[in-house]
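Peer 1: These are the residues of each chain, in order.
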Amino acid sequence: MSQSTPTTSRRSVFSRPRAEKGFTSWITTTDHKRIGIMYFFTVLVFFTLGGAESGVIRAQLAQAEMDLVTAEIYNQVFTMHGLTMVFLVVMPFGAAFFNYLIPLQIGARDVAFPRLNAFSYWMYLFGGIFLYSSFLLGGAPNGAWTGYAPLALDGVSNMAFYAIGLQLLGVSSLSAAVNFIVTILNMRAPGLTFMRMPMFIWMSLVTNFLLLFAMPIIAVALFMLQFDTVFGAQFFNPATGGDPILWQHLFWLFGHPEVYIMILPAMGIVSEILPVFSRKPLFGYAAVAFAGAAIGFIGFGVWAHHMFTSAIGPVARSAFALSTMFIAVPTGIKIFNWVFTMWGGKLRFTTPMLFSIGFVSMFTIGGLSGVTHAVVPHNAQQHDTYYVVAHFHYVLFGGALFALIAGVYYWFPKVTGRLMSEKLGRVHFWTWLLGFNLTFGPMHMSGLLGQPRRTAVLPAELGGTVELYNLLSSLGVVVLAVSALVFLFNLIASIRAGAASGPDPWDARTIEWLSESPPKHYNFAEIPVVSHRDEFWHRKYAEDAAGQPVAVPAGGSEDHVTAEAAAHGEGDHDGHHIHMPDPSYWPLVMCLGFFPVAYGLLGPTPWLIGLGVVWVIIGFFGWIIEPVAEGDDDDPIVEDPAAPRSGVAAH
Amino acid sequence: MTAGVHETTLGLDHRKLGMWVFLGSEFLFFGAFVSAYILYLDTTAGGPGVEIFDIPFTSISSFVLLMSSLTMVLAHNAHTRRDMRRMRMWILATAGQGAVFLGGQIFEFTVFYKEGLNLTQSPFASGFFVLTGFHGLHVFVGILLLLSLYSLTLTGKVKPDQDLKTEMIGLYWHFVDIIWVIIFTVVYLIPDLLMEA
Amino acid sequence: MSTTETHDPAQAAGGHVDHHPGPREYVRIAIILAILTALEVSTYFVDFGALAIPLLVVLMGIKFVMVAGFFMHLRFDTKLYGRLLYGGLFGAIGLYAITLIVMSFDGAPRV
Amino acid sequence: MRDRTKPLPAPTLPGTRAPIRRRTRVGTILVLALGLFLASCSAPQSAMDPAGPYAQGPHDLIVPVFVIALVVFILVQGLIIFAVVKFRRRPDDDGSLPAQVHGNTRLEIFWTVIPALILAGIAVPTVQGIFSTMNEPDGEYLTVEVVGHRWWWEFYYPDFDIYTANELVIPVDTPVRLEMTAADPGRDPARGVIHSFWIPRLAGKQDVVPGQQTYLNIQASEADRYLGMCAEYCGLSHVNMRIRAESLEQGDFDAWVDNQMSPAVTPTDGLAAQGAELFGVEHNTDIGARSCAACHQVWNGDGARVPGVGPDLTHFASREEFAAGLFDVDDEEQLREWLRDPPAMKPMQPENGVGMPNLNLTEEEIDALVAYLLALE
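Residue numbers (our numbering), protein chains in the order written: chain A, 2 to 652; chain B, 9 to 205; chain C, 253 to 363; chain D, 35 to 411.
Simulated from the structure, these hints should not be mistaken for laboratory data. Wrong hints could be hidden among the right ones.
Here are the simulated DSS-like pairs of lysine-lysine, each with C-alpha atoms no more than 30 Å apart in a straight line [to be verified]:
1) D/K120 <-> A/K347
2) A/K541 <-> A/K521
3) D/K120 <-> A/K424
4) A/K347 <-> A/K424
5) C/K331 <-> B/K167
6) A/K347 <-> A/K541
7) D/K120 <-> A/K22
8) B/K122 <-> C/K331
9) A/K541 <-> A/K424
Chain D side only, calculated, beta carbon under 10 Å to chain A, not exhaustive [unchecked claim]:
10) F121
11) R124
12) G163
13) F165
14) S166
15) P219
16) D222
17) V227
18) P244
19) E367
Every beta carbon over 12 Å from chain A, so not counted as near; a handful from chain D, in silico [what the hints assert, rightly or not]:
20) P92
21) I152
22) G173
23) A257
Don't be surprised by glycine CBs; every beta carbon is placed ideally from N, CA and C.
One chain only, chain A, in its complex shape:
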């Protein structure tokens, strides 16, 4: 294989697919933007399922002693609601943004390992399908998303699906984490130092390090659970001296970083949007970045605050109370920095801005109720009640989801070249805010009034006040459902016929807006050279003699290409010389092999496991020996001196 004539003339099973349009092009794609889009639409599907499950929950609890569904079904539904929203919605929603934005924001043409990236997506999709197939195969897991042993060991809990399904999703997250860490560390545009990185990149880096170190822990916990349930091991079985508390430690050693895995990307998104629509730089960039890193770091040291009522002693309770209170400090720093980013600005209330402000406001509530949990003696009253349910929905719905939706509105023009309807966007925001607070606000009260979580009916003995709050919550879900439909309609209508956005609809600050909208598959005709934080903004504005920023006339900045020139003035770069990773079947083929392995492990069914293992190994070999169209990845790429630096992405 040489640089000049690719080997694509010989077609064989190992030839790489070449379709650029249609179904094949999507299932074989290694383009980070397409994978990001696939993540997003898969998330939408699972969000619909998880939302439907929450509808069942709230319908059952709308009034006391209802029996719309049996306790058996209810327990499956609330378990799957938790699993879906955590592992199949919020986490991969973040991954959708990582995929689409990280290369664009750091001035790269793709991620470090494009095929591994496709692999991560397929593992996510198949993990989700595997989990949901349990509904058809004897019932979904019903041991709650925390999977506490020994209840999870009981066959009636169907938790083998949980142990194996989450394992698949964990493989997806871990490989994605390696990929994104290498991408961010090693593929930044020239001049893009750490302290010039967009805040979303900072938060992505922290998040992926959290994933990197948290996923192996849950992998071990799940292996132990699976060995206990399927092969009769004794890790958590009290009968032979096993300790059920070990599960709780391992689960929350993963589970608390997981909380920050879900919220940090959202914080990154908000840190991008607020400056743009305030027309000011992020207030205290360094403090926000380091607070994010601190949250990630301390986030590993607070896990036992989920176990304050468990079998742990007063010393551990005290120590973890202190560390938990401590983590409120960096979180507070961030909130004040966001508020002061708006301070003195000229705020434009576009839909992404509304959702971002909503995030800061709602997340503050979740943060404050979080601090109250650290008051251990009273935590014993709040724990496992609807007060906790309210708290984590304020963090994950009012926090993470608000920001992720803000991100959808904000980067929609980047992805499609069109704008979403602002009018519908505003309707969506206000109904979303109302529905959200109506649903989860009353839960604070019903929890403090003694309503425990995970109850298949609302006991009448809790009293009329609790019933009233539950009815309000259930009404809130109706509002949320309507609001979600508005969003969905807006999304589809705007994809089809949204107004053209142009390359820079928001007067943005970061370099993803230097590329066209939607970006060409190689992202940048020429890799931008970065000399400032908020590089794109600095290319558009310069300071006058008085230090006041003024717009630079198009093409006027002496040492910079302007936005328009960068986006359109491709000159001699028409993309033909840019080598991009080729599509590949093998990530998909390899991932398919995990289906027989996973179903085989349920039984266990040895031949099915064997079939799957052989399949995976074949897929792996196909992967490593498939030809690379423009020369093997170890060969120097020299034929085009102006060729991209980042074209060296391993294939």
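Keeping the supplied structure of chain A fixed, place chains B, C and D upon it in accordance with the hints.
Peer 2: Below, chains B, C and D alone, put in the same frame as chain A:
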């Protein structure tokens, strides 16, 4: 070797950086199993405990695995010198020693089973078998990687100037070895001493 | 982090073997490792008393560092790799040590 | 500890309530937050309505924390609202950029240090509170052994050798230390799962773990009936695992103990005698799959009291409710329906070894058993 390396931000190869990132996370994986093992050291439910270990036997297989790191690094060294004949020889030697180690582990497991220590016996037994079993799985994957590397050099798919591929597999192999350095001490030697004391 | 950014790429590139030891040194290191292992195993036959366990831990540490430093080339490669490896190692030791301490000394009594 | 009678008036927290009331005018959200305090007394299982020192202590700690949280909430939301109103782009905006402020070190240090100080202030009483709620009570206290089963609670008074179920009878103003574990079936921890013992008005919750012993202190200041529930998800019938604590004045409590310590009287004639025969009480062992005595103990004075797989029924009719607080003992029809098909009344998994199976009793058998059970005063 790779022109591309000089063009990355840190001047590092993506794949090697990726391998190190992954290896860093593996400590969290094995660490959890080791912790469970330590926690359940005395939890034998009336079955056999650490006294069942045959330290001399395990020492020999540990030594074989340790020495496979030497042949691995020699294979890499030969590859960097473009000496593919030696490189293949050392690769085979490494895989062979890995196989000897695995064989020893299978033998050990069989003996333990016969003496009444099996996975379902006690938390101690589960901790021991699953920890060393997952290590064995890592060795097995390493052997597969070595054998495919070997065959790919034969077919010319891995070329003399691609010593990075050997280095990557070497990193993985050495990592599996240093994990065993820890396991050998923490799982076998120290508990054995504690039991005598 | 800034050190990893400013260092000379040529020094870090995986293919630059000029700084790496040759086969002779590798064999020498392996011999030392073998001796250390023999010393470890000797605790099984010889009674070192209270010193035995600290000795084993130190020997384990030396072996670990030697394999990582020489065979995995950490001594000759960019510091970032070492930080990733030891970051993972000490992170794991810290987290699991706390877990074991909490479970062993501040847990509930068995019935 | 303060004296309170039920129903309770508005909470009596003099120092803290006045400032809250003043802030109600700030906005509807605050009204909602205030409602949290006001409404908290109107529910029978409220965690904000302490009735004993082990609930009062945590309550006295959390109320100031709620107030601090409310102040921070008002501050932050106020800042947001102020910024949104004040700094919105005006219609007559000239398009110029606002001052490009990148940060302010002094401000940033300020909002790092102040929250840290506030949290340090909360941390001290928190740690004190942890130890004071978990330590053994000072002075004399009553010990009760608690076993969490799927899905009912077993109580054993070692001082009196009394077994009872779901209704925990305690003397007023006496600390009670619960020694808790979980097991299924019987007292075999093999298949026990984690539960959590929670009577909000008496104390916070504490998990109940199979194979381990955990402790919880409770104390009631009033003779009253307190509601509680299992608070850790424990499978199918988690919601149907209620707890009742009945606090009695010391004299009433002593009388109750005397009654419970006495053996059950086996009726000698009539329907109740047939019921006793069906129950299998005289044999007190398994005399066939449909014998009640295979699972339920009715101690008639022979031999030692031993816990059964199911709730102890020695003085069944002295309780107010059965099936873990779901049904009234007084309601004969509910008892009948229960005997007809227990899993239909309360989801259970007898095929999985937990819960009461349907014994396919005839109507005559049910009549006899009901008569017998209601005779077990």
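Peer 1: Taking the hints in turn, state whether each one holds.
Peer 2: Results for each hint:
| no. | hint | result |
| --- | --- | --- |
| 1 | D/K120 <-> A/K347 | 9 Å, holds |
| 2 | A/K541 <-> A/K521 | 22 Å, holds |
| 3 | D/K120 <-> A/K424 | 23 Å, holds |
| 4 | A/K347 <-> A/K424 | 21 Å, holds |
| 5 | C/K331 <-> B/K167 | 28 Å, holds |
| 6 | A/K347 <-> A/K541 | 18 Å, holds |
| 7 | D/K120 <-> A/K22 | 50 Å, violated |
| 8 | B/K122 <-> C/K331 | 48 Å, violated |
| 9 | A/K541 <-> A/K424 | 29 Å, holds |
| 10 | F121 | 5 Å, holds |
| 11 | R124 | 8 Å, holds |
| 12 | G163 | 4 Å, holds |
| 13 | F165 | 5 Å, holds |
| 14 | S166 | 8 Å, holds |
| 15 | P219 | 12 Å, violated |
| 16 | D222 | 8 Å, holds |
| 17 | V227 | 4 Å, holds |
| 18 | P244 | 4 Å, holds |
| 19 | E367 | 18 Å, violated |
| 20 | P92 | 4 Å, violated |
| 21 | I152 | 9 Å, violated |
| 22 | G173 | 20 Å, holds |
| 23 | A257 | 20 Å, holds |
Checked against the numbered hints above, the structure breaks hints 7, 8, 15, 19, 20 and 21 and satisfies the rest.
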